[in-house]
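Peer 1: Chains as they are written, first to last, in full-length UniProt numbering: chain A, 1 to 285; chain B, 1 to 254.
Just to be clear, a hint being listed does not mean it is correct.
[To be verified] Here chain A is said to cover these stretches of chain B; the calculated rule only asks that three of the stretch's residues, wherever they fall, bring their Cβ under 8 angstroms from a Cβ of chain A:
(1) 40-49
(2) 64-75
(3) 201-213
[Unchecked claim] Derived CB-CB ranges, DEER-like:
(4) 179(B) x 110(A): 44 to 54 angstroms
(5) 114(A) x 195(B): 58 to 68 angstroms
(6) 24(B) x 273(A): 57 to 67 angstroms
(7) 75(A) x 42(B): 51 to 61 angstroms
(8) 61(B) x 272(A): 53 to 63 angstroms
(9) 50(A) x 141(B): 29 to 39 angstroms
[Unchecked claim] One side of the interface only, derived from the structure: several residues of chain A facing chain B at Cβ under 8 angstroms:
(10) 172
(11) 182
(12) 275
Just so you know, the hints here were simulated from the structure itself, not pulled from any lab data.
Backbone N, C-alpha and C define an ideal beta-carbon position, used for all residues, glycine too.
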Amino acid sequence: MRRHARRRRAAEHRFRLLGRAAVAVSIGCLLFLLGSMLVAGIGGIDGHFLRGTDATEATRAGIGAALRGSLMVLGLTLALALPVGVLAALYLEELAPRSAWATLIEGSINNLAAVPSIIFGLLGLLLFLGTMGLPRSAPLVGGLTLALMTMPVIVIAGRSAIRAVPGSIREAALAVGASRVQVTFHHVLPRAWPGILTGAIIGGSRALGETAPLLLIGMRAFIPAAPTGMTEPATVLPVQIFLWSDQIDRGFAEKTSAAIVVLLVLLFAMNGVAAWLRHRGEVRR
Amino acid sequence: MTAGTKMTVRDVSVWYGAKPALSNVSLDIEREEVIALIGPSGCGKSTLLRTLNRLNDSVAGARVQGLVTLDGEDVYAPATDPVALRARVGMVFQAPNPFPKTIRENVAYGLRIHGLARGRADLDAQVERALTRAGLWAEVRDRLGDPALSLSGGQQQRLCIARALAVEPEVILMDEPCSALDPIGTARIEELIGDLRGRYAICIVTHNMQQAARVSQRTAFFDAGRLIEYGATSELFTNPRETRTRDYITGRYG
C-alpha cells in the first residue's frame, strides 16, 4: 500500500517536471526571440524610424509607411471579413435548415480555414489583379485578399461562440413570441459577441503578420512614400521586414530587428485585447 | 367543444425522429381551470406542453400528428403563425431562464417586440402590472435596473412568470416550474398559480403529486407516451379508475 502511494507520488513528480520543461521550452523560445530582437533592434527605434518611409540608405529608413499600410490593409480586412463572417456564422447556426448541404458547407469552411495563405495570394492575384484589373501592390487588394483568408476563421470562431449560448435563452425568447430572427439578433448575438470578437482579433492578428499572399499581389516593391489612398502602392510591416532582411549586409540588420520588435508588440497587444474580451465574457455569464 | 374550453387536443401523436413520444392523446384545457400533467419521467407530459405552443417546431426531427386547437382554431394549420401563437400561449420553464439583462428589460421585452406599449410611461405601467401579478413587484420595485440574474432562484422564476404575463397571453404553460426551487419558493409559485387561475387557462407539468393535488382542478396521468387517466383532480387522487394511476400516485413506481 505504502509502496503504491510512493510510486504514485513519483509519477506525479515526473509529470510535473515534464510539464514545467514543456512550458520552459515554449516560453524560452519566445523570450529568446524577443530578447535578441530587442538587443539588436532597440537602438534603431526612434521617432524618425516610426514615422519614416523606406529608403535606400539604412540610416534614413523607417517603418512609418509600412505601419500605415498595415493598418489600412488590416482595417479593410476586418471591415469585410467581420460582418460577412458573423452573418454566415449566425445563419449557419441559427437559421439554416439542417441538411446535407449545411454539412457540406460546414466542411468546406473548415477546409478553407486550413488552406495555406499563399494559395489565397494566388487567388487574389487571379481574381483581383487578373480578372478585375485592380492596381498591384495596393492596400485595397491586400485587404480583399486577407479578408478571404480571415473570413473562415471568423466563421468558425463565431459558430463556436454562438453554440455556447445556452438553448434556454433561445426558448425563453421564442416562448414570449420572438421570431427566429429576433431571437438571433436580440439574444444570441449579444451573448456571443465577446467570443466572436475574440475570433476576429485572432484572425486579424494572423492577417497582420501575413507576408506570402501579399508578395503575390505585388507588395514587394521598394516604396519610398506612405500610401495616401487604398489604391496607392503600399507596403506592410511583415513584407518590409522580409525586404530588409535581404539587405542586412547594407546596414539593415538593426532596422530589421527594430521592425520585428514593433510588429511583435502590435501582435501581443491584439492578442491581449482578445484575452481581455474573452475573460470579460466569461465573468459576465 | 364546450363554452369553457380554451384548447383541445385530439388524437395527438408526437415523434422525435423515429421514436414515438406521445400516442393518441386527447384532452381539453378549460378556460378557468388549472390542469396538471403528471407521470414518470419520459412519459410525454413535457412533449405535450411543447406541442401546445409549437415550441417543438424548432426541434430537429420532431413530428406532430392530430389536432390541437386554440379557441377552435387549428394550431398546426398552415395559416397559423407560430410566433403569434406563442404570444397567446405563454410558457414558463423548468429552470428559471431570465434573459441576462435587467429585471425591467426581461418583462419589457415581449411588450417591445409585439409593439404593445404606447410610449415609456405605458411600458413602465405594464411592466409594473405584470410584476405585480407575478407577486414580485414589492421585492424589485427599487431595483428594476439590476441584472435579472442577481435575483434568487424563486424570484427569477416569478420574473419569468411576469415576463410571460406581460404580453397578456390566454394560456400559460408551466413545465415543472418549481423543480429548481426550495420549499418557500415553491409555496410562493403555487400561491401565485391560485391567484392566476380564472384569468388564464393554466397547464402545469409537475413531478410532485401533492403539488398537482394542491393547484389543479383537473389532472391527466401519462405513462409511456399514453394518456392513462384524465379527470377531476379530486376524483383522480382519491378514487383512480386505473391500477397504473393508483400505483403511481401511491408511490409504487415513478
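Peer 1: So, for every hint listed, does it hold in this structure?
Peer 2: For each hint, the structure was consulted:
{"no.": "1", "hint": "40-49", "result": "violated (count 0)"}
{"no.": "2", "hint": "64-75", "result": "violated (count 0)"}
{"no.": "3", "hint": "201-213", "result": "violated (count 0)"}
{"no.": "4", "hint": "179(B) x 110(A): 44 to 54 angstroms", "result": "violated (39 angstroms)"}
{"no.": "5", "hint": "114(A) x 195(B): 58 to 68 angstroms", "result": "holds (59 angstroms)"}
{"no.": "6", "hint": "24(B) x 273(A): 57 to 67 angstroms", "result": "holds (58 angstroms)"}
{"no.": "7", "hint": "75(A) x 42(B): 51 to 61 angstroms", "result": "holds (55 angstroms)"}
{"no.": "8", "hint": "61(B) x 272(A): 53 to 63 angstroms", "result": "violated (44 angstroms)"}
{"no.": "9", "hint": "50(A) x 141(B): 29 to 39 angstroms", "result": "violated (57 angstroms)"}
{"no.": "10", "hint": "172", "result": "holds (4 angstroms)"}
{"no.": "11", "hint": "182", "result": "holds (6 angstroms)"}
{"no.": "12", "hint": "275", "result": "violated (22 angstroms)"}
Violated hints, in rising order: 1, 2, 3, 4, 8, 9 and 12; the structure is consistent with all others.
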